[in-house]
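Working from the sequences, and respecting the hints, build out all of it.
Protein chains: 2
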Amino acid sequence: MAEDFQSALTEREGIEQPLQVNPNLVRRKRKVLTLDDYVQGILKGDRVTLSRAITLIESANPEHFDMAQAIIEQCLPHSGNSLRIGITGVPGVGKSTFIEAFGKMLTGMGHKIAVLAIDPSSERSKGSILGDKTRMESLSVDPDAFIRPSPSGSTLGGVARKTRESIILCEAAGFDIILVETVGVGQSETVVKSMVDFFLLLMLAGAGDELQGIKRGIMEMADGLIINKADGDNRAKAIGAQAQYRAALKLFPRTENDWTVPVEVCSALECYAIDKVWNMILQYEAHTKANGYFFKNRTEQFVNIFYNWINFTLQNNFYNNEATQKEIDRLLPLIREKKISPYLAASKLIDKR
Amino acid sequence: MAEDFQSALTEREGIEQPLQVNPNLVRRKRKVLTLDDYVQGILKGDRVTLSRAITLIESANPEHFDMAQAIIEQCLPHSGNSLRIGITGVPGVGKSTFIEAFGKMLTGMGHKIAVLAIDPSSERSKGSILGDKTRMESLSVDPDAFIRPSPSGSTLGGVARKTRESIILCEAAGFDIILVETVGVGQSETVVKSMVDFFLLLMLAGAGDELQGIKRGIMEMADGLIINKADGDNRAKAIGAQAQYRAALKLFPRTENDWTVPVEVCSALECYAIDKVWNMILQYEAHTKANGYFFKNRTEQFVNIFYNWINFTLQNNFYNNEATQKEIDRLLPLIREKKISPYLAASKLIDKR
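If you read the sequences in order, they're chains A and B. Here the first sequence is numbered in this note's numbering, starting from 3 and rising by one per residue. Here the second sequence is numbered in this note's numbering, starting from 3 and rising by one per residue.
FYI, nobody ran anything at the bench for these hints, they're computed from the structure. Since the structure is predicted, the reported quantities are computational estimates derived from the model, not experimental observations. Incorrect hints may have been included.
Heads up, the list lumps identical chains together, so a pair's fine if it works in one copy or across two of them.
To be verified - In the DSS-like style, the derived pairs of lysine-lysine whose C-alpha atoms are separated by at most 27 Å in a straight line are: (1) K328 <-> K354; (2) K46 <-> K340; (3) K298 <-> K341; (4) K46 <-> K354.
Right, dumping it as C-alpha cells:
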C-alpha cells in the first residue's frame, strides 16, 4: 500500500519506479523538529535546519504535507529579497565550473548565495558518469554558499515544483542570490524560467554548428547568453560565435521585458570576464525594475505557485485515503491481468470518491 | 475564466502560458465525428481520422475528455501489436536524418511505421531555428508512414501522457512499428522509456569528450547505442568511440532484462549500417520475449497508464466546475495583490470542494 502510494506520487510526474523508502532508515531519524524549530532555524540562517526543511518539503510522504505547507507559509513573508537567476546549457558546457567561479566572485563581494540544482539525471545510479562529487569543490565549503542538489533522481515536475518552495526558504534564511541550475536542453528550462528573475544560457563555440546544439525555444527564453570556455586558443572562436549569436538574436521577436539580450564571452576555468556576467544581470535588474517587468514577473510567479499547489494538493488528498488505497490494491492485479482497462479502472476509482 | 482554466491545465505541467485557443478557429471546425466515426476510421487505418483523434486526445478542453476516453477505450483491444521504439540523443546528433533513413528502410520491408515526436522546444515560435519543415522529407510523403509531431510547445508531462494514448491509436490503425522521438538530454527520456519496448540512444563521436555530452542516467536507460555520423573521415573516430562506449557500459550494473547493451556505428546520412540497428532491435525483441521481460514491461506500462489517467482526470474534474472557476477568478487578484498567499489560497479552494 505504501509502495502504491509512493508509486502514484512519483508516477504522476512520469517516473515509474516507486521512491525507495527504507522503513528502517525512516525510523532512525533525528530529533523531530516543531514548526517553530523549523521557522526560527531558517530565519536564523541555520543551514542544517534549512536543509531538513527542504527535505521535508520534497518528501512524497503525505504526513509531511501539513508541516511543509506551514513552514512555507511562515517563511513567505520573509522571502522575495533575492535575485533569482536560472542557469542552463547543454551538458559539457561547463555549468558547474561557471557556477563555482561566479559563486565565489559573488560571495567575495559579500553576497550569500544558494545554488539549487535541478538534475534529474540518473534514476539508477544517482549520479552522472563524471564525478558529481568533485563539482563546485571550493564553493561547497564556502560559508556564504548553500548548495542543494536535487536529492535523488526525482522527476522534473516534482523537483521543479519543490524548487519554488526551496527558493522561498533560502530567501527567508538570508540568501540574497539564488542560482537555479538546470541540466540539459529539455523541458526543465521552461519550468526554471517560470521561477527566476533572470535566465542565463551558457553556450559553447561549437565546431561550425553554433546554432545546432540548442533549441530555439531555449534561446528565446534567455535573458542573457554567455559563450563559455573562451580560454586559450578557443577565445577567438568564442568571439566569432558571439558575433553569430548576436546576429541570430536580432531575428527574434522583441521580448515582453523590452530587453536587448546581451551575448558575452567568458572562461569560467580561467575566471575570465565572469564579472561581465554579473554586470549583465545587474543591468537587467535595473532595466526591468525601472519598467516594472521585474515585479510583474514576480507576481505572475505567485499565480504559478497557486496552480502548482492546487495540483499537488489534489493528488496528495486523493491518494492519502485508506479506502482509495484499498481499491487501488484491488484494481492493480486486474489491470495487470488485463481484466480491466487502465482507463476504465481510473475512471471507476475516481467516480467512487 | 476560460483563460484561467487553460492556464491551470497547462500550469500543472509547469508551463506558464495558457494555451492559445482562438475561438474563431474553434468554431470553424470540420464535420463533427461521432464516436463510431472515430473508431471505425481508425480501425480502417484512415490517417485523417487518426490525426483528428490524436488532436482530440491532446485537447486541453474538458468537453473533449469523455469522447477521448471512449475512443481510447474502444481502440485498446486492437492495440499492442507493434514494436515500440524510443529514440533519443542530444540536439545535433542527427535524430531526424536517422529516423528518415531507418523509417524508409522499414517501410521498404513492408512495415507500417508511426513516428511520434516529443518536441517541447519552442513555446514562442513553435519551432526550432533550423527548419523543422524540412525534417523527414521523404518519410513524410511515404504512404506507409505516419508522422505526428507534438502539436505545439506543449509540456513534457502533457505531451508524454497523451503520447501513450497516441501509441494505442496508431496501433489500432495498423501501424506495427512505433517510433517515439524525444529531444534533448533532459527529463523526457524517462517518460518515453516508460512507454516503449526498446530505447535507442544516438551518440556522436565527440572531440575527445565521448562521455561528457550525455548523462549517465540516459545511458543507463538505453537498450542500444548507436554512434551516428560515421561517415567519411569520421568513421574511424566513430569506431574508436564505439570501443570506448562498450568499455564504459561494462561498468554499469546488469539490467533487469538481462541484456548486453550493444553499441553500433552507423551513418544515417550515407544509409550505412542502418540495418544493423534493426537487427539489434529484433535480437532484443527475441531475447526479452524469450525471458518474459517484454511482456512484464508492457504490463507495468498499463499500471503507469492507470496512475497517469487518475492524475489527469483529477485535475480535469477539479477545474471543470463553474463554482471553482468563479472562486479562482476571485482569488487570482488577491494573490496578485499579495492579500493572500498562493499556498493558503490553494488550500482554501480545495477545502471548499
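So, going through the hints one by one against the coordinates:
no.: 1; hint: K328 <-> K354; verdict: both (12 Å within a copy, 26 Å between copies)
no.: 2; hint: K46 <-> K340; verdict: between (56 Å within a copy, 25 Å between copies)
no.: 3; hint: K298 <-> K341; verdict: between (52 Å within a copy, 16 Å between copies)
no.: 4; hint: K46 <-> K354; verdict: neither (47 Å within a copy, 36 Å between copies)
Going down the numbered hints, you'll see the structure goes against just number 4.
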